[in-house]
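Student: These protein sequence lines map, in sequence, to chains A and B.
Mapping of the first sequence onto our numbering: position 208 corresponds to residue 208, and the numbering continues sequentially without gaps.
Mapping of the second sequence onto our numbering: position 238 corresponds to residue 1238, and the numbering continues sequentially without gaps.
Simulated from the structure, these hints should not be mistaken for lab results.
Treat the hints loosely; a few may be bogus.
[Claimed, not checked] Result set (PhoX-like, lysine-lysine): computed pairs, CA atoms no more than 20 Å apart in a straight line:
| id | chain 1 | residue 1 | chain 2 | residue 2 |
| --- | --- | --- | --- | --- |
| 1 | B | LYS1234 | B | LYS1217 |
| 2 | B | LYS1176 | B | LYS1070 |
| 3 | B | LYS1333 | B | LYS1026 |
| 4 | A | LYS155 | B | LYS1259 |
| 5 | B | LYS1313 | B | LYS1333 |
| 6 | B | LYS1176 | A | LYS155 |
A quick note: this is a predicted structure, and the numbers were derived from the prediction, not measured.
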Amino acid sequence: MAQASQAARRWNQRTLAPWLFLAPGLFMFGVYVLWPIIQSVTLSFYDWNGLYNQDGEFTGTFVGTANYSELMTDPAFETSLWNNLKWLVLYMLALPIGLFIAIFLNQTVTGIRLYKSLFFFPFVISQVVVGLIFAWFYAPNFGLFYLLTESITGKGTAILADPDLVTYGIIAAGLWPQIAYVMILYLTGLNNVAPDQIEAARLDGAKGWRMLWYVVLPQLRPATFIAVIVTVIGALRSFDLVSIMTSGGPFGSSRVLSYYMFEMALGEFGFRMGYGAAIAVVLFAIMMIFISGFIWKMWRDEKER
Amino acid sequence: MVHKLSGALTLGAALLLSTSAFAQDKRVVTWNADYDPIPLAAAEALIADFEAANPEIDVQLTNFDHEAYKNAIRNFLTADAPDLANWYAANRMRPFVEAGLFADISDVWANNGLMESLAASVPSSTIDGKQYAIPYTYYQWGIYYNRDAYAAAGVEVPGPEGVNWETFLANCEKFKAASIDCVTTGSSALWPVAGIFDYVSLRTNGYQFHSDLAAGKVSWTSPEARAVFENLGKLQPFVTENHAAIDWQDAAAIFVQGKAANYVMGNFAVGVFKEGGMTNDNLGFMVFPEITAGIARAEEAPTDTIHLTSGAKNPEDAKTFLAYMASPEAQSKWNTAVGQLPTNKNATVPADDPFLTAGFQALSTSTGGIAQFWDRDADAEYAKAGMEGFQRFLVQPEALEEILAQLEATRTRLFPQ
């Protein structure tokens, strides 16, 4: 009798307890992540201008995959996709530059804390402020960058007015805080680099690049992993800077998927909720490729242990 | 009574309480608006007058931030509709009319003789033969010019009747020689270029073409449309460089400093020019030059409107207020305070404001028609595609064929033939 109740209690502890602990998180995840995903996917099969009629009824019409087939031929979508790719590739520059600054700052001299916090500063300020600062930096006629190019080449370059350069200009602005973020990740990583291994490598005559590549970098792998994740996600969800600096212009040449989605669904000339949802679903699918990769790697690492 | 959403919550609650206590035996009309401080004060003054004349009615205005209003209206019309709501005429009100959220107020028009007194605004207030809006103000567009810049380049200053296209372009050459931008604009928000395009279009082919183009009835590759771009191309080399990266206010600075001579703009910009230090002595206004001789002159004058919502709780008194907003007295008072033009032809315009009188003159003598503006005459998505095309043409005129092909593709998609 006593044994049976003990077994039941153990069953409770083993089976029920984890779910009880998971419940709040699962509830939040379901309501704020899964449900919106399902809603977006559903909405992407409708043509809807975001209005309910006076009786509160949904006014959209089911159009099947029409939104997706329109995306295939939409030049603005193509531009956004290419720009997202540029963001993804160029944002990766944050890794080597962040690592370089981290190594540079990983020393003990007076006031190093101050220097570190100064380098970290761009990540602390809002993306909106970063966007404004760079917009003024690039501004035609009075921007520092414009005046600089004017004094060198005789003709100022207004990056944000040039359809071929504008995306690179915005990415440069985005890299500024991203480098700071990667730097702080590597700085914490460098704290955990085993000094005895460095010592041993030094005795074996390793220095410079070889030391970095064969001794330091392998120990920084967890930091690199996190840095790659945050950089990829940061590049794919770039929105604030595009919105602040150009609103996607000139004539849509600096659009990225997230901004195009906003324009189509919620912008002044948009309110095509279904089309916006379709763009969101495509963006989600692209992100899913990377996210699944990361989850798979993490899962594999867990299993090895 | 006026309460501000942006105010502290407790203050708002206190105000509400005091209002309801005060207005127990009054019939309440609620009105959602998106006014800046000066128009808001003018609206409050109108409400005070109206309440004095109709002591049994209490008009409660809730003011929203201008940009936030564009999203808020989509929610409050279904969720918690006020009796009256501000919006814009022509195609901008169409989605709300089609969703049945704005109410038909043809009776207000008929009972108050508005068809006659608001004659110029009938087309922009009408959808499928019924009126859905009370237009109470509009403002003219045209060319504002800096007399100092004209003097610096040694160009003869035009009068309010303007110059012809050849003279205007010849003047542009002189400005270019003097390193002054002939025409300035700041198109990072896109709509300023639509003003330039609309005028070239109205002057090249007339009002009907503009209207048909905005309605998707005319092909972008038609000879008429090509003629518009050809004329726009003549202007293109004289437009401020890098306009795509600056706001219209930044271009206003260039204009005020005399680095640009002409600015195709709406009358609301006069306040900005004057804040920048210009006065009636060096700021001038003229109508856009005639391009095709003999075409009836049409002008752009975007109209702001008030609407009765379908969810209105007190439609009868709301209609009384709408009729009041259409009256010459109310329109004269509000527009004098704000510096815009009344839509009621019996209303008065302050004689001491040269820009308002010039605008009133330009609009009342325009025989071609009054256009609302590209982004109000055209369907929203079409409007945006168009404006991107106009901006691109002013930056890359050599890409004309590609621009036209893209616009035409958008047109055939949105308006299946």
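Student: Hinted pair, alpha-carbon criterion (20 Å max): LYS1176 (chain B), LYS155 (chain A). Please report holds or violated.
Tutor: holds, 16 Å
Student: Taking only the CA atoms, is the gap from LYS1313 (chain B) to LYS1333 (chain B) under or equal to 20 Å?
Tutor: violated, 28 Å
Student: Is LYS1333 (chain B) close enough to LYS1026 (chain B), meaning Cα to Cα at most 20 Å?
Tutor: violated, 25 Å
Student: Checking one constraint from the list: CA of LYS1234 (chain B) to CA of LYS1217 (chain B), max 20 Å. Satisfied?
Tutor: Cα-Cα ~26 Å, so violated.
Student: Given the hint that LYS155 (chain A) pairs with LYS1259 (chain B), does the C-alpha gap stay at or below 20 Å?
Tutor: With a Cα-Cα distance of about 17 Å, the restraint between LYS155 (chain A) and LYS1259 (chain B) holds, given a limit of 20 Å.
Student: Starting from LYS1176 (chain B), check that the Cα of LYS1070 (chain B) is at most 20 Å away, please.
Tutor: The given pair, whose Cα atoms are some 40 Å apart, is violated under the 20 Å limit.
In summary, the structure is inconsistent with hints 1, 2, 3, 5 from the numbered list given earlier, while agreeing with the others.
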